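Novice: Let chain Y serve as the given structure and place chains S, P and B on it in line with the hints.
4 protein chains.
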Amino acid sequence: MYPDSGDDSAVSDSAIPARDSHTEAARQERLEWLRTRQGTPLAPLQPMRLHADDLSNNVENLIGAVEVPVGLAGPLVFDGTHASGSLYAPLATTEGALVASASRGARALSQAGGVRTHAVSQRMTRAPVFQLGSLGQAAVFTDWVGDHLEELRGQAARVSRHATLVSVRAVMTGRTVHVVFAYETGDAAGQNMTSACTWHACQWILDRFPAETSADVECFRVEGNLSGDKKVTYHSFLNGRGTRVVAEAELSDHVLRRVLNTGRASLLDTHRIQRGGGLHGGMVGNDVCIANVIGGMFTALGQDIASVHESSLGHLELEPVDEGVRATMVLPALIVGTVGGGTRLPAQHALLEMLGCAGPGGQSRLAEIIAGFALALDLSTMSAVSADEFVAAHERLGRNRPPAVPAVPADT
Amino acid sequence: MYPDSGDDSAVSDSAIPARDSHTEAARQERLEWLRTRQGTPLAPLQPMRLHADDLSNNVENLIGAVEVPVGLAGPLVFDGTHASGSLYAPLATTEGALVASASRGARALSQAGGVRTHAVSQRMTRAPVFQLGSLGQAAVFTDWVGDHLEELRGQAARVSRHATLVSVRAVMTGRTVHVVFAYETGDAAGQNMTSACTWHACQWILDRFPAETSADVECFRVEGNLSGDKKVTYHSFLNGRGTRVVAEAELSDHVLRRVLNTGRASLLDTHRIQRGGGLHGGMVGNDVCIANVIGGMFTALGQDIASVHESSLGHLELEPVDEGVRATMVLPALIVGTVGGGTRLPAQHALLEMLGCAGPGGQSRLAEIIAGFALALDLSTMSAVSADEFVAAHERLGRNRPPAVPAVPADT
Amino acid sequence: MYPDSGDDSAVSDSAIPARDSHTEAARQERLEWLRTRQGTPLAPLQPMRLHADDLSNNVENLIGAVEVPVGLAGPLVFDGTHASGSLYAPLATTEGALVASASRGARALSQAGGVRTHAVSQRMTRAPVFQLGSLGQAAVFTDWVGDHLEELRGQAARVSRHATLVSVRAVMTGRTVHVVFAYETGDAAGQNMTSACTWHACQWILDRFPAETSADVECFRVEGNLSGDKKVTYHSFLNGRGTRVVAEAELSDHVLRRVLNTGRASLLDTHRIQRGGGLHGGMVGNDVCIANVIGGMFTALGQDIASVHESSLGHLELEPVDEGVRATMVLPALIVGTVGGGTRLPAQHALLEMLGCAGPGGQSRLAEIIAGFALALDLSTMSAVSADEFVAAHERLGRNRPPAVPAVPADT
Amino acid sequence: MYPDSGDDSAVSDSAIPARDSHTEAARQERLEWLRTRQGTPLAPLQPMRLHADDLSNNVENLIGAVEVPVGLAGPLVFDGTHASGSLYAPLATTEGALVASASRGARALSQAGGVRTHAVSQRMTRAPVFQLGSLGQAAVFTDWVGDHLEELRGQAARVSRHATLVSVRAVMTGRTVHVVFAYETGDAAGQNMTSACTWHACQWILDRFPAETSADVECFRVEGNLSGDKKVTYHSFLNGRGTRVVAEAELSDHVLRRVLNTGRASLLDTHRIQRGGGLHGGMVGNDVCIANVIGGMFTALGQDIASVHESSLGHLELEPVDEGVRATMVLPALIVGTVGGGTRLPAQHALLEMLGCAGPGGQSRLAEIIAGFALALDLSTMSAVSADEFVAAHERLGRNRPPAVPAVPADT
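Protein chains in written order, with full-length UniProt numbering: chain Y, 1 to 412; chain S, 1 to 412; chain P, 1 to 412; chain B, 1 to 412.
Don't read these hints as lab results, they were simulated from the structure.
Everything hinted at is true.
Have a look at the derived ranges for each label pair, beta carbon to beta carbon: (1) B:E32 - P:S121: 37 to 45 Å; (2) B:L149 - Y:R19: 50 to 58 Å; (3) Y:L149 - B:D20: 50 to 58 Å; (4) B:P47 - S:S214: 48 to 56 Å; (5) P:D13 - B:E24: 41 to 49 Å.
Residues from chain Y that face chain B, not an exhaustive set, calculated with beta carbons under 7 Å: (6) R116; (7) H118; (8) V120; (9) L135; (10) A139; (11) M172; (12) T173; (13) G174; (14) Y234; (15) L238; (16) E248; (17) T328; (18) V330.
Everything numeric in this text was worked out from a predicted model, so none of it was measured.
C-beta: ideal position from N, C-alpha, C; glycine also.
Here chain Y stands alone, though its shape is the one from the complex:
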């Protein structure tokens, strides 16, 4: 049943060469080997502006780099807690119409007086799990953990001075007790530092809890999948993971008509209908297409692209006010950082600097800028749907054939 090729030798000729080496020579060796082995030219991978030696913390088995084109969206006028003034968003994307649509939304928001933003809080979570020897012990453990926040905070502080343990919550699911550690991590996204902090704090638990209570921890895992790392979960949506940020603006019917080619009533109708569609489809959150902004800005700004999955949750609310609408975007779980990871790469770092997000406080500012442009894009796209221009816009700007002008207005 288990065909076992004995050891690695059986696949040795297929092993990627120069393992553990991060030099340019190693990269070239791998590329040449791959070219030969696969019989494929790979010429576009040959050149690279990045320096292989600088990437040892970023990637293994480096063979080159892909370029993702960056378009500039904006300007968008901000009046936020951490972001203000007229700002531009670099969006790395290959999807036509995205930058144009985000810019159109930004124009509407700016003409309406700008977008107000506020980064509410930041949390990075890691959730180790302990299986106890009995249900009774698990109950004792659950209480014990809750009583030792200060000690755990001290243990975490020994590992990192950037991560502050904010809360610890034990969730008893039988003998198995998940413990949600939540940290503030300053300008870092913080997944790695909080993993280390949590692991070390758990060593302390594994040492002290049995000694104090004569109870057994039968099984420990540093992550029991309750943290939601790299996944979409209601836990992250409700209780927060990453940065929670809100953006809002009021737009008059006049601005909606002039810039977005729709009107208050039509836009509110679209919102109501799309909200209903999302609800019936079992959507987590309810937005139009904020993943476009989050994917584009994450890529341009050296964020972890995998985190686009869990970060692209949002709630777009439209509220009728006076002669216009108030639009609000909530992003409850935006995993962003302005230090570490890909933020050190030259182009990415230059773009962070251009946004004013490279220094202290950059993380909250970045979150607010993303929220503002997410609101801009969603308003523009929803307006295009309202005005029945959505398909035509994509046909004109995207990869399809020449547009067919819609002959039938949206509301007939």
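Specialist: For chains S, P and B alone, kept in the frame of chain Y given last:
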């Protein structure tokens, strides 16, 4: 309440220059303008291997490109419906340990005889919405749509020969009726072509339904947010959007110990515990970190990075068999294509060619390769958690300080 | 580890007497035994109007009956596909204010011209599961099942003439293939008949599939938990289980003010806010308190009370129209029947007769009546919240102390 | 558009008589009126053991009572924090096989040494909402509320001495801030008392916050639908509403075979498969059919039947141990109380007394008993599916025709 800057002139000095121009000169003009305006060097954005003129369908307001480093994971032996032999995955990432971990999982799977894969089906959805004049008319409309699949298929076929309308489902939510159009789109992801097909088919509905029934369509929108485009929804998870693909393998306890440093019992415990954590956290699906593979391969291979959000859903199942485990990965909603969008960019296209995914049938093959590597990574990461090596591995390969060797085994 | 009391004798003195007997004498014997054993009078259980012998299909180990008081809500004017005229809802409940609030909502709807209702469709599902010998065989099986709808329909028809197999959908999750059987079951809720139909159809599959394909079904279970029976699932919400029914009405600002003590603007505000709260809370559907109507009518009318769990999903939509609001309620998964189960009990049957739901077509009519009153209650409760009367109403009608009159209006 | 019948006079002949009267005479008057008006005998509603005058806090417009038959399940041996010894569960139901199946599961658990139970915590939530004058004010409000827990606790304490405010959490969603008040409510389910406490505490907020901060609360609602009252939400599942309770037991393969007619391997297979089915179906939690026990015990014991909806969430975990399995049931959100509401009705109260749940501490004890029987039923039902006896059991005990003995074993 609505501060209105009158017209665009008020922000004209802030307008991005050379709008609608896709030349290199236009790019340089924008870059220079941005540099001056923001007082930031942006030097790393200056060079670019891509040709600005080739990107007119991919991005607006181009200012340059970011390079994302690509590491090579593998080899992974495939025995799939569309993918077979020893294959390598290019992962564009800035997160240390990812390529190494995926490679380790691939080694385990390969030594266990390889991974079997099967692309089950492919669907692209678009869900327009119609609001009728009364509840009775909505009921009539709901039935009418269901009775006209053939005609709608014909209308869609007039717009694209690549998209085949497979089914139409009307969901009555009062006077408002959402209609889910589901297409097969060959090697294209298909969002744009199905939008166009659907819009044109809806024009036919808007023309014919009132004529045949004397009923009113009071309001039409080409998308009512039930399609799940760019969102995580249970509709996509259950009913499919993009490609549904499965991957499975059996691994003996021997292979688990030798390659993954864990054992059958410990791994099954971890799986049970993480499954429970995911359930209690309200996770959509249940996996470990497949977003890493999906983000890395999407970026390297010219897929729409924004689609990482909706595509990174999965179900990792572990089943005890004989002296080992059977591991199965289901990806229910993988938005991939091998034509269009960013797949034309030189490096991305070269990597698609290297995978053998650039020609006909490429889409199913690509989906299977992604599923195989997603399984590999999840097994490796879960094993690291099982063996209590997760934190140490990240400290060694990632961006943190030198590792602290875990002094306490996982199961004490 | 497994304390095993050997056989039943160890607990024989604790065994409930008269097992398998459904006579009144058996009931009295059990009651006396319980009274003695537990040292508790149980006097109120002694009398019972039901006849023990009639309950052999409804309950085992009968000891008596609890009375649940029934209040009458209404009248509510219906203008529905199956329900019309001025109708009253019997609500079995012990919670003060429920009947009064439902009646108030009914008065508002009736003064507004009544509620329009439409039962859209009815589906009962059962989802057996098959584990195949290999991934390839599972793929074959998935297709094979899809190709044999007619034969499966024939097999199901041999078991019940009331259940019609409408569709069969195979969901491949690796070697394991879940198959969703969906039936129309006329006036029965249909859980039991469809279980039998499905089991027998599966015997046919287990016989024919291996013979035709030389493939192995390694494991069969008549239910793999995908049917959603007795659970809240997005599958039921999206794809339907039980009856899907909608109700709608328009209410003028005048009626809202006179009957519900709120106004259009305030009610729309409350709806928007509550919709947002539900979204942020991860609510399945979005309503105010329809479980009250569903629990009350299910209990009064002999429905399966356990099905209150899965049936109480709904979507309340409010839409501004002219000088009022249009309110729509969608109940996507209402498990109701008018034959079988508790519908034969005398009082329950009398109340079904009173509603005109005891004959053919009763099931759709019952679903519409429930939807109408669900809309009525939700409007009334939301209005009470709008007018800040919610707490006062419960203090006056419920179980608490005398009301404190709210001194502060809602919108200050 | 709004047909308005002017005032109540237009429907006066259809108005239910004797409004606001809770006498037996009033009940008879209504019944006679209904009988005449609807032309339906309603004879079974005439007699009633309950006294109309005692029900003034439980129901309005009383017309009678329905009897729901009660079967006795058990014995089940408990070894819990609040429940111990051999106990019986009264299940009010009309669905054949339920009591028998729960009893079978109880027998298996008892022979395995009994079930261990632990009520972890109890929380009742109410979530008012405040809309502020600006985003900045909302941010101030969010912090302000967090800083005034003690004062709010004092305000709540003025209203009820049974409810203790445990925590207050402000969730900023733009200008709109939802505030989750969580209380411990002793032996009461506590919905009404916490509504009153919360409303009064909010009056204090509405008075003090503007005075202290010069900010405006533009809109207040006592409930913004984040509390999850009467709804299924992930908020309740994750963060708790009602009582969180766990139950566990180990069962040897021997007991599984002798009592449940299945074996360790087959049962674990079924669990794995059903867990997967639940996951793919978008199930909230993962269990087999605990709604049956919760519906049956809630009805028998005077709980709010409408709360069956939100309470029937659970997680059934099966874990292989030695030669058997450990089974664990978590019920995260069980809305139970042993005072107030329907617990005062004679038969319901007698059954609570029989369970020893009528006095202080009754609430936790009741939760543990429910959890134990929920585990018993789920094990029995899952075993019947494992042994392919599920359909036969329902055919034998339920409402259908004579059983067809399954000719094909489950695992062939």
